[in-house]
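Q: Just so you know, the sequences run in chain order A and B.
So the first sequence is numbered by the working numbering: it starts at 1 and just counts up by one.
So the second sequence is numbered by the working numbering: it starts at 1 and just counts up by one.
Hints may be right or wrong, so weigh each one.
[What the hints assert, rightly or not] No more than 27 Å apart at the CA atoms, straight line, and that leaves these computed lysine-lysine pairs for DSS-like:
(1) Lys6/B x Lys24/B
(2) Lys24/B x Lys59/A
(3) Lys24/B x Lys141/B
(4) Lys85/A x Lys68/A
(5) Lys24/B x Lys68/A
(6) Lys124/A x Lys2/A
[Claimed, not checked] Residues on chain B that point at chain A, a partial pick, calculated with CB under 10 Å:
(7) Glu40
(8) Ala54
(9) Arg55
(10) Leu90
[Claimed, not checked] Which chain B residues stay away from chain A? Per the calculated CB distances, all over 10 Å, these:
(11) Val7
(12) His79
(13) Met128
Please keep in mind that the hints were generated in silico from the structure rather than gathered at the bench.
Don't be surprised by glycine CBs; every beta carbon is placed ideally from N, CA and C.
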Amino acid sequence: MKVRGMMFDPYNNAYIIILRGEEDTDVLPIWVGRPEANAISLALEGIFTQRPMTHDLIKNVMDTLDAKVISIVVTDLKDNTYFSKTHLSYQDSEFTIDSRPSDAIALALRADAPIFVSESVIKKQSSEELDRWLENLRPEDFGKYDT
Amino acid sequence: MNIPLKVHAVVSDPNTEAQIVILKDEQELELLPIWVGLAEGNAIRFALEGIGVARPLTHDLLRDVLDHLNVQMEKVIIHDMNEGTYYASLHLIQNRPEPKEKAAPSETEEELTVDARPSDAIALALRMGVPIYVTEEVLQKKGSENLDSWLEKLKPKDFGPYDA
Numbered sequence: 001m002k003v004r005g006m007m008f009d010p011y012n013n014a015y016i017i018i019l020r021g022e023e024d025t026d027v028l029p030i031w032v033g034r035p036e037a038n039a040i041s042l043a044l045e046g047i048f049t050q051r052p053m054t055h056d057l058i059k060n061v062m063d064t065l066d067a068k069v070i071s072i073v074v075t076d077l078k079d080n081t082y083f084s085k086t087h088l089s090y091q092d093s094e095f096t097i098d099s100r101p102s103d104a105i106a107l108a109l110r111a112d113a114p115i116f117v118s119e120s121v122i123k124k125q126s127s128e129e130l131d132r133w134l135e136n137l138r139p140e141d142f143g144k145y146d147t
Numbered sequence: 001m002n003i004p005l006k007v008h009a010v011v012s013d014p015n016t017e018a019q020i021v022i023l024k025d026e027q028e029l030e031l032l033p034i035w036v037g038l039a040e041g042n043a044i045r046f047a048l049e050g051i052g053v054a055r056p057l058t059h060d061l062l063r064d065v066l067d068h069l070n071v072q073m074e075k076v077i078i079h080d081m082n083e084g085t086y087y088a089s090l091h092l093i094q095n096r097p098e099p100k101e102k103a104a105p106s107e108t109e110e111e112l113t114v115d116a117r118p119s120d121a122i123a124l125a126l127r128m129g130v131p132i133y134v135t136e137e138v139l140q141k142k143g144s145e146n147l148d149s150w151l152e153k154l155k156p157k158d159f160g161p162y163d164a
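If we strip away everything but chain B, and leave its shape as in the complex, we get (with noise of 0.2 Å):
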């Protein structure tokens, strides 16, 4: 089964120059947190935010690709996680024309995916307004107990202004 969650907050590792994604279920009772990289944190907090900018960042353009090649996306998953590391998938819907020889011009649907990082995934869902989802196993595999005891530690001061 799948689990929607919602981006709840990027902060910064103050270990390293990482940043943190932390994803949270509607009841907020599971907790995602996500490694990624300055940029790609970087490019989650402007959608976050809604802060405006003058020139299409990477994904600003990645999500411009598919409006105009009229490409919708329906969801990202989170759908594995292995030695440390998350992957994710775009689904997206293409729209391709019938044959020429049918008589009323008409288009299938066809659902793609495309394998991605979740930090871009993430990031293009935001843009997009399309749902994130977990998958139940990936959930399961995270419950690390030396995560838990490193988030414990953290406090209010580490996190960022996102922290409700």
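This is chain A alone, in the form it adopts within the complex (with noise of 0.2 Å):
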């Protein structure tokens, strides 16, 4: 899936992370807060800031060891708590790391990988409720990286 857009929840003070599928059938909104959507935002706008932000240092930090992002991938969502794993190589191993969607996604962005949704997640979130929600959205209440 691929970051679609980025918008500001006023009811829970929160911003809404948009991914959609390939195909844009798929789509999943994930609220992060506001330091994770300012990470996330920052990549996606392509934003070279003077010091490095702590999403740029787990980069540096993995450049510099020789470690690469492979994939990430939602897993699971549980009580409205969405989680992910990182998944990265490393001295011809791979490790699997458990992290929130935002520092996966903010971590993704930055090494080119790619973000993976499980098909659970998509079934799962799918509620009634959430759909009548984006439908009432309008599109002034999205952020600028909607297309």
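Both chains are sitting in their own frames, so use the hints and assemble them into the complex.
A: Right, here's the structure in full:
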């Protein structure tokens, strides 16, 4: 999936990252906090900061160690919390690390790594309530990343 | 020479949204205040208080990455200050497998440094239990009178609960 949009949710005072599949059929909104949203938007816009932000630091540490992000996978949804795994390769081995989707996405965008979502998560999240909420959104509620 | 520092407190700057991390040396003779963002201040606060979080925060993720890859962190050093911006570095120890043609399998260690903001370096050092150093040069540079007078004007209530 790709990050296709980001918007502010005034009701929860949080940001929503919109992930969308290649065929635009599956949409996964993920609520994230402000610093994480900021980290993702900096990467989306390709903004260069004078000093490395925290996710840049993770990327720089991995580059220095010659470790790579293979992919990130949003693996589960429990009680409105998304879980994801970050897959790394290092010294001919693979490692899987538990992470929040916001951190995983912020890292994937910096590392040019693909973002995957497991099918079970897509099924779980498609609650009617959420769809209705999304349908009621107006274009102006969306940020500038939405195409 | 590098001087070891400990995190004394994280306080809110009453004038801005920023947080100030107060570092002190062991004798409490030297004081180094570093302005950091809200998120970074919180990351340091959580580690100071030992607050457990349900999900790993960003610095926890970095610690987990290092742990999984079996990379040790030796220390962090705040090594420079330029136009009010502090520069820090992470000092990592990487184990590298020896080339296969060698008879006995062994590993070589290599020390690597990574440039970081002090806020990230401190947040990570607290999580990994490694020392925080500052160079003497940085301590000399920071001694601006403006800052000292600003700190003197702070009242106890401006400080957070970590102030002893």
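Q: Hint by hint, say whether it matches the structure.
A: Status of the hints after comparison with the structure:
1. Taking the CA atoms of Lys6/B and Lys24/B, the gap is about 6 Å. The hint holds against a cut of 27 Å.
2. With a CA separation close to 30 Å, the supplied pair Lys24/B and Lys59/A exceeds the 27 Å bound.
3. For the hint pairing Lys24/B with Lys141/B, the CA-to-CA distance comes to about 16 Å; that is within 27 Å, so the pair holds.
4. For the hint pairing Lys85/A with Lys68/A, the CA-to-CA distance comes to about 14 Å; that is within 27 Å, so the pair holds.
5. Restraint check for Lys24/B and Lys68/A: the C-alpha separation of about 37 Å exceeds 27 Å, so the hint is violated.
6. Restraint check for Lys124/A and Lys2/A: the C-alpha separation of about 19 Å stays at or below 27 Å, so the hint holds.
7. For Glu40/B, the interface hint holds, the least distance from its beta-carbon to any beta-carbon of chain A being 7 Å, beneath 10 Å.
8. The closest approach between the C-beta of Ala54/B and any C-beta of chain A is roughly 8 Å, which is under the 10 Å cut-off, so the hint is satisfied.
9. Of the supplied interface hints, the one on Arg55/B holds, with its beta-carbon coming within about 5 Å of a beta-carbon of chain A, less than 10 Å.
10. Contact between Leu90/B and chain A, as hinted, is supported at the beta carbon level, the nearest pair being about 7 Å apart and thus within 10 Å.
11. The claim that Val7/B is not at the interface with chain A holds, since no C-beta of that chain comes within 10 Å of its own (minimum 17 Å).
12. Annotated as non-interface, His79/B keeps its C-beta farther than 10 Å from every C-beta of chain A; the closest such distance is 14 Å.
13. Even its closest Cβ contact with chain A, about 12 Å, leaves Met128/B beyond 10 Å, as expected for a residue assigned away from the interface.
The structure fails to meet hints 2, 5 from the earlier list, while all remaining hints are met.
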